[in-house]
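Sequence lines, in order, name chains A and B. Count the first sequence with the numbering used here and you get residues 1 to 344, in order. Count the second sequence with the numbering used here and you get residues 1 to 307, in order.
It cannot be assumed that every hint is accurate.
Below are the DMTMM-like pairs computed for lysine to aspartate or glutamate, each with C-alpha atoms no more than 25 Å apart in a straight line [unchecked claim]: (1) A:96 <-> B:161; (2) B:174 <-> A:202; (3) B:172 <-> A:202; (4) B:242 <-> B:125; (5) A:217 <-> B:148; (6) B:302 <-> A:73; (7) A:217 <-> A:262; (8) B:269 <-> A:3; (9) B:269 <-> A:145; (10) A:334 <-> B:290; (11) A:222 <-> B:290; (12) A:120 <-> B:285; (13) A:75 <-> B:140; (14) A:304 <-> B:282; (15) B:174 <-> A:73; (16) A:334 <-> B:303; (17) B:284 <-> A:327; (18) B:172 <-> A:73; (19) A:237 <-> B:148; (20) A:334 <-> B:282; (21) B:269 <-> A:38; (22) A:218 <-> B:161; (23) A:337 <-> B:154; (24) B:269 <-> A:93; (25) B:174 <-> A:77; (26) A:75 <-> B:161; (27) B:172 <-> A:211; (28) B:149 <-> A:216.
Derived CB-CB ranges, DEER-like [what the hints assert, rightly or not]: (29) A:209 <-> B:140: 53 to 59 Å; (30) B:183 <-> A:199: 34 to 40 Å; (31) A:19 <-> B:197: 57 to 63 Å; (32) A:209 <-> B:303: 50 to 56 Å; (33) B:54 <-> A:141: 36 to 42 Å; (34) A:134 <-> B:247: 42 to 48 Å; (35) B:259 <-> A:214: 42 to 48 Å; (36) B:198 <-> A:218: 45 to 51 Å; (37) A:134 <-> B:57: 39 to 45 Å; (38) A:199 <-> B:303: 57 to 63 Å; (39) A:40 <-> B:183: 41 to 47 Å; (40) B:183 <-> A:310: 27 to 33 Å.
Just so you know, the hints here were simulated from the structure itself, not pulled from any lab data. Treat the numbers as computed from the prediction; the structure is a model and nothing was measured. The beta-carbon is built from N, C-alpha and C at its ideal position, and this holds for glycine as well.
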Amino acid sequence: MIEVNRQGEVWVFAEAEAGKLSDVPLELLSKGRELADEISVPLGAVLLGGDGAADLSGSLISHGADKVYVVCDAKLDHYQTTPYTKVICDLIEEYKPQIMMYGATPIGRDLAPTVASSAKCGLTADCTDLQIGDHKPPGSDTVHENLLFQIRPAFGGNIIATIVNYDRWPQMATVREGVMVMPEVDESRTGEVINCTANLDEVELPLEIIESVRREKKVNLKAARIIVAGGAGVGSKDNFDQIHELARCLGAEVGGSRAAVDLGYVGHDHQVGQTGTTVRPALYIACGISGAVQHCAGMEDAGKILAINNDPDAPIFQVAHMGVVGDMNTVIPKLIKAIRSGAQ
Amino acid sequence: MGYNCVVCVKQVPDTKRITGDAMQEDGTVNRAALPAVFNPEDLNALEQALAIRDAHGGTVTAVAMGLPAACQVLREALCRGADRAILITDRRAAASDTLATSYILSCAIAKLSPDIVLCGRQAIDGDTAQVGPQLAEKLDMPVITYLEKLDALEGDTITVERNVGNGFEIVKAKLPVLVTVMDTANTPRPPAAKRIMKFKKARSRAEVEKVAENLLMDDYEDYTAELQASEVEKHCAALDEKGLLIEQWDLDFLQADLQWCGRSGSPTKVHRIQSVVLKGGEYKEYAPDDSSIGEMVASLIKDHTIG
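For reference, chain A alone in the conformation it holds in the complex (with noise of 0.2 Å):
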């Protein structure tokens, strides 16, 4: 547990697997070098990993970071709660952040927590705001300054929480993928890497990992310039198609919302929101979608947003630019029409 200081740094976890970076910690660089300049301190990583995991150093540095303290241990070489719990708590403990971020993933969702248990210290989940700001306690006449306000989405979506900590230290948010934006690479950024020691010798690995085995995601919303969206309104996996079939002759790529995947019409892959991915496409089609807040906060900064729903009613329509209140199975065919007549 560590006191609340003015001086500590920002950091983010530098999240890693089979020798790559995943993009959330990069995408956690950006917004990490923005509260880091907010408040004045250096943004660190923390790299964490077996042989060669200092070799991603350099990345994270182009990416932002002033610092990259790297802890390289054999039995740091495959994700394990428990020693990676272990020396980034004592990381903590010896450098004293004010501030740390690690992707909402289920790798972040399964140690900051354990981290925060074991520092002690506050830790808001899938944050969808990060920013720095004072906070006057009620009945209190005491200011705290700048402060790490983690803003999300509470309460089924019906209100946005602005959370914060000021008597604990440090301040820890988890971020989902695709929240914050990537940074730009600047391969000429230079920054400090700082080997520390594991210190894992009394630790044992309570955990055997038996097999492992990750697959490709098949689908790559981020980079999609055009996504046709289906949510529960679309009534059935069979009438997905109809998703399928509009996305294949825009060349756009199929997402769903939370509720769609939860009943089974689509792949968690395809899954746009809060709890999902977040995505900027330049077109997003959402068929069947209410637009509950956890949704939108995932596609709310597409170019353009057009609605397809027969309830007029439906909150999609106050983040959409085009809409048509109708049935989806009559729309859409129209619009499918639509669009190959105009592409000739």
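Let chain A serve as the given structure and place chain B on it in line with the hints.
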């Protein structure tokens, strides 16, 4: 042989069904106006514990931290097959964030000496998925998150298949462990009719006290505190004899350090809550007919949105 399983269960507002009535003018949520439900993934955790007992024997204890109203989920846990139900309730636990909650739960669960602690992966109100891993850390147990399948349980070794998002992992560990269970892990068995008949009458002391208070006000002119207390004792003893008394623990019983509970034990604080304001902007509606849709597509082609 059997395994002593402890399942953490939570009563949550049904956030999937929030209507306008639940939102108050100042942007806060009126929890009392929301129907409360058994947190969905906790049902999967309970089902996993029951499956372990079916296969290997042992006991399943459901533990809930909350207001006395949370007994509703404990009753449901008993109806679905749990052997024992414990309510952790104390005013001083109010406003606990995940850190304080996991501390309080750890004090309770440590008393039960479990072989396996099971939690749902996350609750539908906070959506943080933090309590499971934090509870494991405080119990000094390894955590195995995202259990999708229990592959094996033999002696003091457990083998679990985890869903890690872009794939899966099979891990083996020595008990005791804490697992967080995903909704894809199983289909919770429905409560057995006989158990519903029996356990719908289960009550915690706090619920008995509340009823006694109301009843005695009406029935007795010489209402005294002693009379009420003895009525409550009598009733609790009768419930206990029939196996219908939901155990109730408070922070004193847990010997919890109050500085780690409630507001003082919660580093995360709310700075502000805002009702959702969806971004407005230019919006044009098109009729669902060929001509309007054609017009819409033409405008998208014209500005090169569609190639």
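Does the hinted range 50 to 56 Å hold for residue 209 of chain A and residue 303 of chain B at CB? At roughly 52 Å between Cβ atoms, residue 303 of chain B and residue 209 of chain A fall inside 50 to 56 Å, so the hint holds.
Given the hinted pair residue 237 of chain A and residue 148 of chain B, is their alpha-carbon gap at most 25 Å? The given pair, whose Cα atoms are some 23 Å apart, holds under the 25 Å limit.
Can you confirm whether the C-alpha distance between residue 222 of chain A and residue 290 of chain B stays at or below 25 Å? violated, 32 Å
Given pair status - residue 93 of chain A, residue 269 of chain B, alpha carbons within 25 Å: holds, 23 Å
Between residue 174 of chain B and residue 202 of chain A, does the CA-CA distance stay at or below 25 Å? holds, 18 Å
What's the verdict on residue 217 of chain A and residue 262 of chain A, does the C-alpha distance respect the 25 Å limit or exceed it? holds, 18 Å
Taking 57 to 63 Å as the stated bounds, is the beta-carbon spacing between residue 19 of chain A and residue 197 of chain B within them? holds, 59 Å
Within 25 Å, alpha carbon to alpha carbon, are residue 218 of chain A and residue 161 of chain B? Holds, because 22 Å separates the two Cα atoms, which is no more than 25 Å.
Below or equal to 25 Å on CA atoms is what counts here, so check residue 284 of chain B against residue 327 of chain A. Holds, at roughly 18 Å.
Mind checking the alpha carbons of residue 96 of chain A and residue 161 of chain B for me, to see if they're no more than 25 Å apart? violated, 36 Å
A range of 57 to 63 Å was offered for this pair. Does it hold for the Cβ distance of residue 199 of chain A and residue 303 of chain B? Check passed, 59 Å falls within 57 to 63 Å.
Confirm or reject the claim that residue 183 of chain B and residue 199 of chain A have a C-beta distance inside 34 to 40 Å. 38 Å Cβ-Cβ, so the 34 to 40 Å window holds.
Hints 1, 4, 6, 11, 12, 23, 29, 33 and 37, counting from the list given before, are not met by this structure.
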